[in-house]
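Go ahead and model the full structure; you've got the sequences and the hints to work with.
Protein chains in written order, with the numbering used here: chain H, 42 to 355; chain W, 316 to 651.
Treat the hints with caution; some may be incorrect.
In silico SDA-like pairs for lysine to any residue, Cα to Cα no more than 25 angstroms straight-line [to be verified]: (1) W:Lys445 to H:Lys86; (2) W:Lys495 to H:Ser288; (3) W:Lys428 to W:Lys627; (4) W:Lys428 to H:Asn196; (5) H:Lys255 to H:Gly267; (6) W:Lys432 to W:Arg523; (7) H:Lys184 to H:Val169; (8) H:Lys232 to H:Tyr144; (9) H:Lys86 to W:Glu403; (10) H:Lys311 to W:Tyr409; (11) H:Lys311 to W:Lys428; (12) H:Lys311 to W:Arg576; (13) W:Lys445 to H:Ser288; (14) W:Lys650 to W:Val366; (15) W:Lys495 to W:Pro585.
It is worth saying that the hints were derived from the structure and are not from the lab. These numbers come from a predicted model, not from an experiment.
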Amino acid sequence: MTMARQDIGDICFKRALMVFPYLVLLIVAGILLKLVIASWDSILKFGFSFLYTSTWDPVVEQFGALPFIFGTLVTSLVALLIAIPIGLGTAIYLAEYAPRRIYRTVAMMIDLLAAIPSVIYGLWGIFVLVPLMRSHIQPFLGKYFGFLPFFQGPNYGIGLLAASIILAVMIIPFITAVAREVIAAVPPVYKEAAYAMGATRWEAIKTIILSYGKPGIIGGIILALGRAIGETMAVTMVIGNNVKISSSLFSSGYTLASVIANEFAEAATKIYTSSLMEIGLVLLLVSMVVNILARVLIWSVTEKTSPQAALKGV
Amino acid sequence: MLKKFLTLIAVMTAAGAVWAAPVLINGAGATFPYPIYSKWFDEYSKIDHNVQFNYQSIGSGGGIKQITAKTVDFGASDGPMTPDQMNEAPGRIYHIPMVMGSEAIVFNLEGVKTGLKLTADVLADIYLGKVTSWSDARITAENPGVNLPNESIVVVHRSDGSGTTYIFTDYLSSVSSEWKGRVGKATSVNWPLGLGGKGNEGVAGFVRQTPGSIGYVELAYAVRNGLPYAYLKNESGNFIEPTIESTSKAAEGVPIPEDFRVSIVNSSNPQAYPIAGFTWLLIYKDMDDHVKGEAIVNFIKWAIHDGQAYTKDLLYAPLPAQVVGMIETKLTHVKY
Numbered sequence: 042m043t044m045a046r047q048d049i050g051d052i053c054f055k056r057a058l059m060v061f062p063y064l065v066l067l068i069v070a071g072i073l074l075k076l077v078i079a080s081w082d083s084i085l086k087f088g089f090s091f092l093y094t095s096t097w098d099p100v101v102e103q104f105g106a107l108p109f110i111f112g113t114l115v116t117s118l119v120a121l122l123i124a125i126p127i128g129l130g131t132a133i134y135l136a137e138y139a140p141r142r143i144y145r146t147v148a149m150m151i152d153l154l155a156a157i158p159s160v161i162y163g164l165w166g167i168f169v170l171v172p173l174m175r176s177h178i179q180p181f182l183g184k185y186f187g188f189l190p191f192f193q194g195p196n197y198g199i200g201l202l203a204a205s206i207i208l209a210v211m212i213i214p215f216i217t218a219v220a221r222e223v224i225a226a227v228p229p230v231y232k233e234a235a236y237a238m239g240a241t242r243w244e245a246i247k248t249i250i251l252s253y254g255k256p257g258i259i260g261g262i263i264l265a266l267g268r269a270i271g272e273t274m275a276v277t278m279v280i281g282n283n284v285k286i287s288s289s290l291f292s293s294g295y296t297l298a299s300v301i302a303n304e305f306a307e308a309a310t311k312i313y314t315s316s317l318m319e320i321g322l323v324l325l326l327v328s329m330v331v332n333i334l335a336r337v338l339i340w341s342v343t344e345k346t347s348p349q350a351a352l353k354g355v
Numbered sequence: 316m317l318k319k320f321l322t323l324i325a326v327m328t329a330a331g332a333v334w335a336a337p338v339l340i341n342g343a344g345a346t347f348p349y350p351i352y353s354k355w356f357d358e359y360s361k362i363d364h365n366v367q368f369n370y371q372s373i374g375s376g377g378g379i380k381q382i383t384a385k386t387v388d389f390g391a392s393d394g395p396m397t398p399d400q401m402n403e404a405p406g407r408i409y410h411i412p413m414v415m416g417s418e419a420i421v422f423n424l425e426g427v428k429t430g431l432k433l434t435a436d437v438l439a440d441i442y443l444g445k446v447t448s449w450s451d452a453r454i455t456a457e458n459p460g461v462n463l464p465n466e467s468i469v470v471v472h473r474s475d476g477s478g479t480t481y482i483f484t485d486y487l488s489s490v491s492s493e494w495k496g497r498v499g500k501a502t503s504v505n506w507p508l509g510l511g512g513k514g515n516e517g518v519a520g521f522v523r524q525t526p527g528s529i530g531y532v533e534l535a536y537a538v539r540n541g542l543p544y545a546y547l548k549n550e551s552g553n554f555i556e557p558t559i560e561s562t563s564k565a566a567e568g569v570p571i572p573e574d575f576r577v578s579i580v581n582s583s584n585p586q587a588y589p590i591a592g593f594t595w596l597l598i599y600k601d602m603d604d605h606v607k608g609e610a611i612v613n614f615i616k617w618a619i620h621d622g623q624a625y626t627k628d629l630l631y632a633p634l635p636a637q638v639v640g641m642i643e644t645k646l647t648h649v650k651y
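Right, dumping it as C-alpha cells:
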C-alpha cells in the first residue's frame with residue numbers, strides 16, 4: 042500500500058484548507074479592482090501624465106504623482122542601503138559568533154523593534170532624531186561630503202534623510218530576523234567542508250553561508266522593502282511634506298503613503314478623491330514592480346552562484 | 316450550566332436595552348473647535364441626561380462629506396460649504412456659527428519675543444517665497460529696535476487639509492492679489508514653498524524646533540505651547556495682537572448675512588484682528604429624526620447662550636450678541 046487511507050474527514054479538511062489561499066487571492070484582486078474603479082475619474086482626466094507631472098494643486102484640480110513616487114523610492118532605497126549592512130551584519134554575528142545568552146537577548150530586542158508602532162517611531166523621530174540631524178549629523182555630512190549633490194542645501198533636520206534613517210531602523214528587524222534563520226539553516230556539512238579546505242571564518246561565511254542563504258536573505262530584504270515603501274506615519278512626521286523633487290537628501294519631500302494620509306479625510310471634491318485613490322493604486326503598483334524586479338534579481342543571482350551551480354562548474 | 320449562562324446574557328441584554336435610553340447624536344468635522352465642543356458636550360450631558368453626543372474631529376472637509384452623506388446627525392466646519400457642495404447635499408443645510416477663533420502667526424527667532432510687527436503684504440510675500448530673510452528691509456522697517464538676525468525664513472504650513480488653512484489662505488487671498496491668482500483659498504492648496512506639518516500640533520512642533528521658522532496656528536496652540544506670535548496690521552492700519560477681544564471684534568459692526576456663510580478675515584472693524592473666522596455647525600433645515608432634531612436644536616440654544624461662558628478659558632472668542640440673536644431667529648425655521 043503506497044497511499045494513506047483517505048476518509049471523508051481528510052477530503053473535507055483538504056478542501057476547507059484550499060479555500061484560504063483562494064480567499065487571499067480574491068482579496069488582493071478585489072483591492073486592485075476597487076482602486077482602479079475609484080481612480081477611474083482621475084485616470085480618464087490625466088491619463089499617463091499623472092505619472093510624470095509634478096503639480097499637486099487641489100484648488101485648480103491639477104494632480105500629478107511624480108514628486109511622491111520620487112520621495113517613496115528615494116526614502117525606501119536609502120533606507121535599504123543603511124539597513125542591509127546593519128541587518129545582515131547583526132544576523133551574521135548572532136548566528137555565527139554570539140554566545141547563546143547574547144543571541145537570545147539581542148534577538149529579542151530586535152524583534153521588539155519590529156513591534157514598536159509607527160507613530161512612536163514618528164514621535165521619536167521628531168523629538169530625538171530630527172534635532173540630532175540638525176545639530177550634528179547633517180552639518181557633519183555637509184562639511185565632509187558636501188561635494189556630493191546629496192548632501193547640499195539648507196539644513197532643517199527634517200527631510201528625506203531623516204525619513205530614510207527612521208525607515209532603516211524600522212526595517213532592520215525584518216532583515217535580521219529572516220537572515221539569521223536562513224544562516225542558521227545552512228547545513229553544517231557545507232561549513233565543515235569549507236573549514237576542511239582551510240577557509241578562514243570570514244571566507245567560510247562569504248562563500249558558503251551567504252551564497253547558500255542568498256534566496257532567503259534577498260527574500261527578507263524584499264519584505265523589508267515592502268514595509269518601507271508603504272510606511273506612513275513615521276515618515277510623514279519627519280519628511281517635511283513638501284511637494285518637490287530635489288537631488289539633496291537634506292531637502293524635504295513627500296511620499297505616496299504620506300499624501301494619502303494627510304489629505305484624504307479632507308478631500309471634498311470628486312477629482313481630488315479620485316486622484317488620491319490613484320496615488321493608492323500607484324503605490325500598490327510600485328510595490329508590485331519592485332517585488333517582481335527583486336525576484337528576477339534573486340532568480341538570476343541564484344542561478345549563477347548556488348552551490349549546485351558551483352558543482353556544475355559555472 | 317450553559318442554560319444559566321445564556322439566561323444571564325439574555326437578562327443583561329434586555330436590561331441594557333431598557334436602561335440605555337439616552338439619545339446618541341453623532342457629529343463629525345473640524346478639529347479646530349474640538350476642545351470647546353468636547354467641553355460643551357460634557358457640560359450639556361450634566362444638564363440633560365437623555366442625550367449623548369459623539370464627535371469625531373476628522374477635519375472640516377470630512378465633516379462636509381459626512382453630513383452630505385447623512386452618516387452623521389450634524390457636521391462641523393471652519394470653511395463654509397461652496398455652492399457646489401451645498402447642491403450635492405440631499406437637503407438644505409444651515410450653517411450655524413458656534414464660536415470664533417483666530418490664528419496666530421508664530422515664529423522662532425532667538426531673542427525676539429511676541430509682538431513682532433508684520434504687515435499683510437510682507438506676510439503674503441513670505442508665504443509666496445518673495446521675502447526670504449528675517450533681516451529683509453520690509454520687516455526691519457516696521458520693527459525698529461528689534462534685533463532681527465540675518466537668517467533665512469523657514470516657512471511652515473499645514474500638510475493636511477484643514478479649515479485653519481482655509482481661513483489663512485482666505486486672508487492671504489484678500490490681502491494679496493498675487494496669492495489669490497497663483498494659489499487661491501481652500502482647505503488644501505499648492506503651497507509655493509515650505510514644510511508641511513500635520514495638524515496644528517505638527518505646525519507648532521516644527522516652529523518650536525526649527526530656528527528661523529514661521530507658521531500659522533490656532534491661537535490656543537500658540538498660547539499653550541508658549542510660542543511667540545506676531546502683531547498683524549489690519550485693514551485700518553493698526554497693529555493688532557491676537558486676543559479673544561480682538562477676535563470677537565472681527566464680527567462686530569460687520570454685515571453678517573442671514574445664512575452666516577461669511578468670511579470675516581481682514582475685518583473692517585478698526586480693532587479687529589485680521590485672521591479670524593467663525594466655525595459652524597452644519598445641520599439640515601428639515602431633520603429626519605424628531606427626537607434627534609429636537610436634541611440638537613436644544614443643544615445649540617444652550618451653547619450659544621450658557622455655553623459661551625466656557626469659551627474664554629479655552630481661548631475661543633464668544634459670539635457677538637447680534638449674531639446670537641440672528642441664530643435664534645434662524646433656529647425657528649428648523650423643522651424636526
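Hints versus structure:
A threshold of 25 angstroms between alpha carbons decides the hint, and for W:Lys445 with H:Lys86 the separation of about 33 angstroms lies outside it, so the pair is violated. At roughly 31 angstroms between alpha-carbon atoms, W:Lys495 and H:Ser288 are farther apart than 25 angstroms, so this suggested pair is violated. Proposed proximity of W:Lys428 and W:Lys627 is supported: the alpha carbons are some 24 angstroms apart, at most 25 angstroms. Proximity of W:Lys428 to H:Asn196 is assessed by CA-CA distance (about 24 angstroms); at most 25 angstroms being required, the pair is judged to hold.
Restraint check for H:Lys255 and H:Gly267: satisfied, since their Cα atoms lie roughly 18 angstroms apart, inside the 25 angstroms limit. Between the alpha carbons of W:Lys432 and W:Arg523 the distance comes to roughly 19 angstroms, so the proposed pair stays at or under 25 angstroms and holds. Annotation: proposed proximity of H:Lys184 to H:Val169 holds, straight-line Cα distance about 22 angstroms (limit 25 angstroms). With a C-alpha separation of about 20 angstroms, the suggested pairing of H:Lys232 with H:Tyr144 holds against the 25 angstroms cut-off.
A distance of roughly 21 angstroms separates the Cα atoms of H:Lys86 and W:Glu403; the hinted pair therefore holds under the 25 angstroms criterion. Of the pairs offered as hints, the one joining H:Lys311 and W:Tyr409 holds, with about 23 angstroms between alpha carbons and a cut-off of 25 angstroms not exceeded. Pair hint H:Lys311 plus W:Lys428 does not hold up; C-alpha atoms about 44 angstroms apart against a cutoff of 25 angstroms. Simply put, H:Lys311 and W:Arg576 have alpha-carbon atoms about 23 angstroms apart, close enough for the 25 angstroms limit, and the pair holds.
A C-alpha spacing of about 23 angstroms is found between W:Lys445 and H:Ser288, which places the hinted pair at or below 25 angstroms, so the restraint holds. At roughly 19 angstroms between alpha-carbon atoms, W:Lys650 and W:Val366 fall within 25 angstroms of each other, so this suggested pair holds. Taken as a hint, the W:Lys495 and W:Pro585 pair is honoured in the structure, with Cα atoms around 24 angstroms apart against an allowance of 25 angstroms.
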